[in-house]
Amino acid sequence: MAEDQIIIRKLNKAFGPKVVLKDLDIRIPKGKSVAVIGASGTGKSVLLKNLLGLIEPDSGSIKVDGLETVGASRTTREKILQKFGMLFQGGALFDSLPVWENVVFRYRQGKNISIKEARDVARRTLAEVNLEDRVLDLYPAEISGGMQKRVALARAIADRPQILLFDEPTSGLDPITSGVINRLIREAVDRLGATAITISHDMTSVRAIADEVAMIHDGKITWHGQIRDIDKSGNPILDQFVHGRPDGPLTQQAERG
Amino acid sequence: MNILRIPGQAALDLLAQFGKLAMFTASAVFWIFRPPWYGRQLIRQAIDIGYFSLPVVGLTTLFSGMVIALQSYTGTERFSAEGEASVATVVVLIVTRELGPVLAGLMVAGRIGASMAAEIGTMRVTDQIDALDTLATRPMQYLIAPRVIAATLCLPFLVLIGDIIGVFGGYVVAIYQLGFSPASYLDSTLEYLEPFDVILGLIKAAVFGFILSIMGCFHGYYSGRGAEGVGRATTNAVVYSAILILVADFFITGLVFVR
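Residue numbers (numbering that gives the first Met the number 0), protein chains in the order written: chain X, 0 to 256; chain A, 0 to 258.
To be clear, the hints were calculated from the coordinates, so they are not data collected in a lab.
You may find that some hints are simply not true.
Simulated pairs of lysine-lysine, BS3-like, Cα-Cα distance not exceeding 25 angstroms [to be verified]:
#, chain 1, residue 1, chain 2, residue 2
1, A, K19, X, K48
2, X, K219, X, K9
3, X, K115, X, K9
4, X, K82, A, K19
5, X, K62, X, K82
6, X, K48, X, K82
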């Protein structure tokens, strides 16, 4: 059994009166791809931002390879962040930089490498996500949404991180492009041997990417298990979500507000 | 008690905003002096602020110099003062000490302060600032510090050029419309101009550059979500920059004012 690379304990986060995470516990095993699913507004992205230190939780603990990130110094946080590669929902590519500079943005930080070497790294990484050399000098606004996602994926994996985070990787994409992105993500995770956390409510994507699934509901993880078990979980909340049924506990709660 | 709640909350919000602005400014200044420095970002901003603002500042100061020449002539005529020397002196003093830096500050606040707020606000809304954080880059160092340095250093240069253009505008009106002698007008301009007049204008310009860049970056950095949030950030950046530039102008002038 794989050791846990990320351990989150009793995580709480509220925005004013709105409580988003309530004593949330989850363990992410090393080298596994875990999808965190749940209805909109249940705190999936908040969980990810807490994990990255982009927002500070109200209480609780997040340990990455045994290092506590909650309340950690900037230096410790930067050390932990080196382990992560992140694919943002909208790509979050830097508009003012061409594709190749976006891809090697972190790779070049603090290193005295030539432009030629950096472009070679960008070229190789883009090839891993099936993008040709001709996109190297284009700007994000000059390429399609699907290509932007692939460039963003290339940027996430360029520095060979140990942990990959994907926030709604297929949102806004057509089914074919989504399929391509799912396959590229799975290949990248397998090739790097990385631990992956994917936030999604696209079950096709989840089935293509994940080894394990964690369902977040009412600020907590209500079910966590193997991907092969999601259709026979016996959990009515997960069951309704996975099969997209209009009636069930999730609808009743949404109607109650 | 309800009557007091609304103004009380507004006062608390205002104080919180001041605190946030103070922390932001301190952080920006702190990161200006810490490596790594992003030279390319700095050059890009310097070109945008120093070079591309030149036409706007030049045109503004040119016509202001011309207007001051005409208005000061009207004034000196009424008081039967010596027209030529008075017009030349008024033009050069007002342009270098006051209108040059203030107009350049206001024009650049409208052009650059707004663009800083819009660009950084869009980066906030599209998660690019969060992305910077996850890519081992401090947004304060990469985005804010180069803009503050560039604006603080470039505005004095812009004002210096604006001063020359403004004085030239006054000269054109004085010679071709008011019929003054070119040689004696130039003599009067240089006779009453002291180095401190120019230096004061340049000091003001540096302060205004700092103010407009901080306001542009601050409002963009804490922009609300969506297009509406970015739009409001842009408006606030320009409005508050303009107000603070005028307030700072009064205090700097007051500091060096000798009766």
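Ascending list of hint numbers which this structure does not respect: 3, 4
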